[in-house]
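*Asks:* Below are the chains, spelled out letter by letter.
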Amino acid sequence: MRQISAILAVIIALAISCTAWAADEVPAAIDAPIDAAVYEKLVLLTEASFREKVGIVEEMADSSGQQAVLALQILLNSQLYHDEEGNQEFYQLVQDSAGKDQLYNLKTGRLAPDLSLKQLDKVRTNNRLRKAIKQSIAKIRLFKGSEPERLAALQSMLGDMDADNAKLVTTAMSTEASESIQELMQVAMAIYRAGAGAEEEKFAAIKTLQGRLEPEVRAALTGLVESSKGNKVLHAAALKALQTTEEKVEFYGFVEKLFFGLSLGSVLLLAAIGLAITFGVMGVINMAHGEMIMLGAYTTYVIQLLMPNHIGYSIVVAIPAAFVVSGLVGIAIQQGIIRFLEGRPLETLLATFGLSLILQQAVRSIFSPLNRQVSSPEWMSGALEINPVLALTFNRLYILAFSLLVFAVLMYVFKKTNLGLNVRAVSQNRDMARAMGVKTQRVDALTFGLGSGVAGVAGVALSQLTNVGPNLGQSYIIDSFMVVVFGGVGNLLGTLVGSFSLGIANKFLEPLTGAVLAKILVLVFIILFIQKRPKGLFPQKGRAAE
Amino acid sequence: MKVKKTLAALALSAGASVMSFGALAADTIKVGVLHSLSGTMAISETTLKDTVLMMVEEQNKKGGLLGKKLEAVVVDPASNWPLFAEKTRELMTKEDVDVIFGCWTSVSRKSVLPVIEELNGLLFYPVQYEGEESSKNVFYTGAAPNQQAIPAVDYLMEENGIERWVLAGTDYVYPRTTNKILEAYLKSKGVKDEDIMINYTPFGHSDWQGIVSSIKKFGSAGKATAVVSTINGDANVPFYKELGNQGISSEDIPVVAFSVGEEELSGFDTGPLVGHLAAWNYFQSAESDANDKFIAQWKKFIKNNKRVTNDPMEATYIGFQAWAKAVEKAGTVDVDKVRTAMYGIKVPNLTGGMAEVLPNHHFTKPVLIGEIQSDGQFEIVSQTKEVPGDAWTDYLPESAKIISDWQDPKINCGNYNTESKKCSGQNF
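Those sequence lines, one after another, are chains B and H. At position 387 of the first sequence (counting the first as 1) the number is 500 in our numbering, and the numbers step up by one without a gap. At position 139 of the second sequence (counting the first as 1) the number is 143 in our numbering, and the numbers step up by one without a gap.
I should point out that these hints are in silico values taken from the structure, not numbers from a laboratory. Keep in mind the model is a prediction, meaning the values are calculated, not measured. Check each hint, because a few of them may be wrong.
Unchecked claim - Just a few of them, taken from the derived set where beta-carbon distance is under 8 angstroms, the chain B residues facing chain H:
id: 1; residue: Pro-328
id: 2; residue: Ala-332
id: 3; residue: Arg-477
id: 4; residue: Ser-488
id: 5; residue: Lys-620
To be verified - Partial list, derived from the structure: chain B residues whose beta carbon lies under 10 angstroms from chain H:
id: 6; residue: Ala-161
id: 7; residue: Arg-164
id: 8; residue: Asn-190
id: 9; residue: Ser-191
id: 10; residue: Asn-239
id: 11; residue: Gly-366
id: 12; residue: Ser-376
id: 13; residue: Met-400
id: 14; residue: Gln-474
id: 15; residue: Leu-483
id: 16; residue: Gln-577
id: 17; residue: Leu-578
id: 18; residue: Asn-580
id: 19; residue: Gly-627
id: 20; residue: Lys-632
Unchecked claim - To list a few chain B residues with every Cβ distance to chain H over 12 angstroms, as calculated:
id: 21; residue: Ala-309
id: 22; residue: Thr-530
id: 23; residue: Asp-544
id: 24; residue: Pro-647
From the three backbone atoms N, C-alpha and C, an ideal C-beta is built for every residue, glycine too.
Work out the full structure: start from the sequences and follow the hints.
*Replies:* Quick look at the structure:
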C-alpha cells in the first residue's frame, strides 16, 4: 500500500512540475574547427562499410577521447555531410530558428553560405553504428560528463559488462562523487562479478543485486542461476535473489496494468460522456456521436495549422475551439433534424446514421481521405520513469487527469447550475417541466449542444492518441454505447464507473487472451450482464424511470 | 422531293455518326482501375488509382498502344470486399475492359478471383502479399514472402544478431500466413519456441500500451530482440507513437515492418521512429535515373511537391510497363495471347536492374531494407540482387512440394504437386 501511495505522490508531483523529458540532445552548430586527429578519422568514414565504420568510430573514441565527442554526436544525429567530389570537406547540417538548412564547415568551424545540400552526401549510419557511437560516447562521458551524462553513460554500459568495461568502471569509481552513481557502479561491478568473479565474489554480487529492478541485473542473475548448477549453495542464493526480484517485477507489472486499464477507461469515459448526456439524459440515439468526436479532432488539426510555431499551446486553444465547433454542429443537428423526430427512436437512429456518413464524406472531401498529422506537444511525449520496470507515459497521464476534470465540470453543471436543473426536469417529466415554465425546446438544443461539445473535447484528447482521419468516430461509437448502457442510462456516475471497469477488465484480459479475444470477452460479459440487469450498473430510480 | 433529300441526308449523317462512334469505341484500349476511392482503404488505394492514370496518360503521349489510345475506366469498390467482385463483373461485361489494375487487401483479391477466372480477364495486383496462390488470370507484381519477409529476417539475424522475435500483426489473412511462414523459417534456423512471441490485434487498433509493454518485457531477457511487424494500415501510427513514448529505441528493439512505407510515414512525426526498419522492393530514396524521373513525373502529375512515391506504386508501374510490352509483342489485347506473351518479358525496375515476368505469374525483384530517417524517407542499408518470386513457400511442408508454372504445357497450372505429379484441381 505504501508503495502505491508513494507512486501516486510521485505522479502528482511530476505532473505538476511538468518535467521535460530528456531526449537525445542534438548538438548546436559548431563554432571552432574540429580536432585534426578526429578529422583524419572522419575521412576514413566516407568510403567504409557499416562494419568498418564501427571500428573507425571505436578507434576515434579511444585515441581522441573528449575531442571526438562532438564529431560523434554530429554523426549520431545524422548531421554529418561530406562533399561529393572527394575533397574531404565535412559539413554539419543545422536548422536555424526559421527551419532553414545551414551548413558549417568542420575544418574551419565557419558557416558555408553558398553551399546547398544537393552538392553533398550524407555520412550514413545504421542501428549498429549508432549503438557503437552511443557506447563510445558513454565510455568517454563516464569520466568527463556532467552528472546526468555520467549516469546515462553508466546505464548504457550495464548490458555490456565485460572485463574492459569493468576496468573502466573501477577507474571511474575512484573519482566519482555522486552517491547514486557510486551505487549504480557497485551494481555494474556486481553484474560483472556475477559472471566472471570468484565464488565469494559471486555471493557478494548476489547480495548487491538482490531486489534491483534493472533488466540487466535480472539477466545477470538468470545467467548465474544457470551457470551455478554445480554449486548448490550458490545456486540456491542466486535463485532466491532472482525470485525476490521477480516478485517485485510482478508487483510493478500489476500496477502498470492497472494504469493501462485506467488509461483505456479514461479514453472510454471521454468518448462516452457526451453520449451519456444526449442518449442517457435526453434519450436520443445519436449515431453521429462519433463524428462529433472526429470534428473535435479535426478542429485540433486546423488550430495547429493556424499556429504552427506554438504546438504546445495549440492543444490548450483547441479544447474550447473544439467544444464550440462540435457544440454548434450538434445544435444545428438537433434543431434541423432530431427536433422533428421526437419520440421516434428508430427514425432518429436512421437519420443520425445517415448524417454520420454525410459528415464523414464531407471531411473526406474537404481534408482528403488521408489521415491528418496532429503533432504532440513536447510536454506530452515521453514517459515518467518511476523505476526500470515501471514507466507511465505522459500523454496517458494527462488524458486520465483531463477526463476526470471534464467529468467533474459536467457533474457541476448538472447538479449546481440552472441549465442542469432544467435538463434534469425535462428528462424526468417533459410535460410537467413545460407546465412549470421551462422552455423545453431551448433546453433540448442546449443539452444536445453540450453533449456534442463534450464529444468535440474528447476529439482533442483522442487526436493525441490515435489517427485523425474520417473513420476516427466510427471506432469509438460502439464502445461509447457499450459504456453508457453498461453504466446505466441516464446516470453520469454510471458512465464513470462503467468506463473504468471496462477499461481495467480489458487490460487484465489482454495479456491472457490477446487483444482480439479480450474485446470479444468484454462484449460477451456485457451481454450477459444486461440480461441480468437490463438497466445497467446504476439504474434510474423513481416513477420517472418507468 | 426536297423533303426526301433532306431525309436521306439526315439518315446518311446519322449513319455516319453511328459509324464514327463505333470506330471510336474500337479505337481505344480500355484499362480498368479497381481501387477503393472511399472507405478505410481509400487512404492507400487512391494513390494507386492516380498512378495508373499517370501511366495511361504517359502511354497516350507516346502514341498509345497498337496505334490506339488508352482509356482508363475508374470504378470505386468502396473498401467493400464483395463489391470488388461486382465491380470486376461490371468492368468486364459492361465496360468490356482489356485489363484491370486493382485490389490492395488480400481479401479483396480473393473476392475478385472467381469472377476474373470465369470471364477470363487479366488482373495486375500490385501489393506485397502472403503468397500461396497463382491464378492464370492474375499477375502478382508485388512481393511474395520470399521477396520481403524472409530476407528481412535474414538481415536482422546477420547484421543485428537478433535471437528473440516478436511477430506482431493485424488479425487477418496476410499477417497470419506470413507469420506462419516466418515461424517455420525461424524454427528451421534453430530459434526456440520460447524465443518467439506472436501477437495479433484487430484492424485499426489504437490502444497499444499493454502490447508495447509486453514487448519491452520480452526484450529485456538479455538476448537481442526484434519485432517483425505485419501491422496493417493506420494502426501503425499509434503503435510507433507508443514505442517512442515508452522509450524503446531502434537500437534496443528494432521493428521491421512490411506494411509501412513512405505514404504511411507521411502521416506523422517520424522523430521517434528513426532507425526502425522496413523491407520493400522499392524506396523513394533509391538512387537511379529512372527513379528520379518517376518521382518528378509523379509530383507533376499530382500537382503536389510534397507527395511521396512508394513500393506498390512501383509495382503498379512495373506491371503496367510489362503489360504494355506484352501487348506490343502479341500485337493484340486478347487476354490469352497477352498472357503467353508476358512470360520472360523484362522491364527495368526503378531501383536499377530488371524485373522479369516468371511463368508462375510473379516477378523477379530486388529486396531492399531501409531504416526510417527523420524526414520520413528510408536510408537503404541493404539491397539484394533480384530474387525470383515464389508463389508457394518452401518453408511450410504442405506448400514446399507445390509449384506453379503456366508456361510449361506439361504442367500448365498454378498448383502442381511435384510428388503426386498432379494439379490439385482448384483454379488458383
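*Asks:* Now tell me, hint by hint, if it's right for this structure.
*Replies:* Quick rundown of the hints versus the structure:
{"no.": "1", "hint": "Pro-328", "in the structure": "holds (3 angstroms)"}
{"no.": "2", "hint": "Ala-332", "in the structure": "holds (3 angstroms)"}
{"no.": "3", "hint": "Arg-477", "in the structure": "holds (7 angstroms)"}
{"no.": "4", "hint": "Ser-488", "in the structure": "holds (6 angstroms)"}
{"no.": "5", "hint": "Lys-620", "in the structure": "holds (6 angstroms)"}
{"no.": "6", "hint": "Ala-161", "in the structure": "violated (14 angstroms)"}
{"no.": "7", "hint": "Arg-164", "in the structure": "holds (9 angstroms)"}
{"no.": "8", "hint": "Asn-190", "in the structure": "holds (9 angstroms)"}
{"no.": "9", "hint": "Ser-191", "in the structure": "holds (7 angstroms)"}
{"no.": "10", "hint": "Asn-239", "in the structure": "holds (5 angstroms)"}
{"no.": "11", "hint": "Gly-366", "in the structure": "holds (8 angstroms)"}
{"no.": "12", "hint": "Ser-376", "in the structure": "holds (7 angstroms)"}
{"no.": "13", "hint": "Met-400", "in the structure": "violated (17 angstroms)"}
{"no.": "14", "hint": "Gln-474", "in the structure": "holds (7 angstroms)"}
{"no.": "15", "hint": "Leu-483", "in the structure": "holds (5 angstroms)"}
{"no.": "16", "hint": "Gln-577", "in the structure": "holds (9 angstroms)"}
{"no.": "17", "hint": "Leu-578", "in the structure": "holds (6 angstroms)"}
{"no.": "18", "hint": "Asn-580", "in the structure": "holds (4 angstroms)"}
{"no.": "19", "hint": "Gly-627", "in the structure": "holds (6 angstroms)"}
{"no.": "20", "hint": "Lys-632", "in the structure": "holds (7 angstroms)"}
{"no.": "21", "hint": "Ala-309", "in the structure": "holds (16 angstroms)"}
{"no.": "22", "hint": "Thr-530", "in the structure": "holds (34 angstroms)"}
{"no.": "23", "hint": "Asp-544", "in the structure": "holds (44 angstroms)"}
{"no.": "24", "hint": "Pro-647", "in the structure": "holds (28 angstroms)"}
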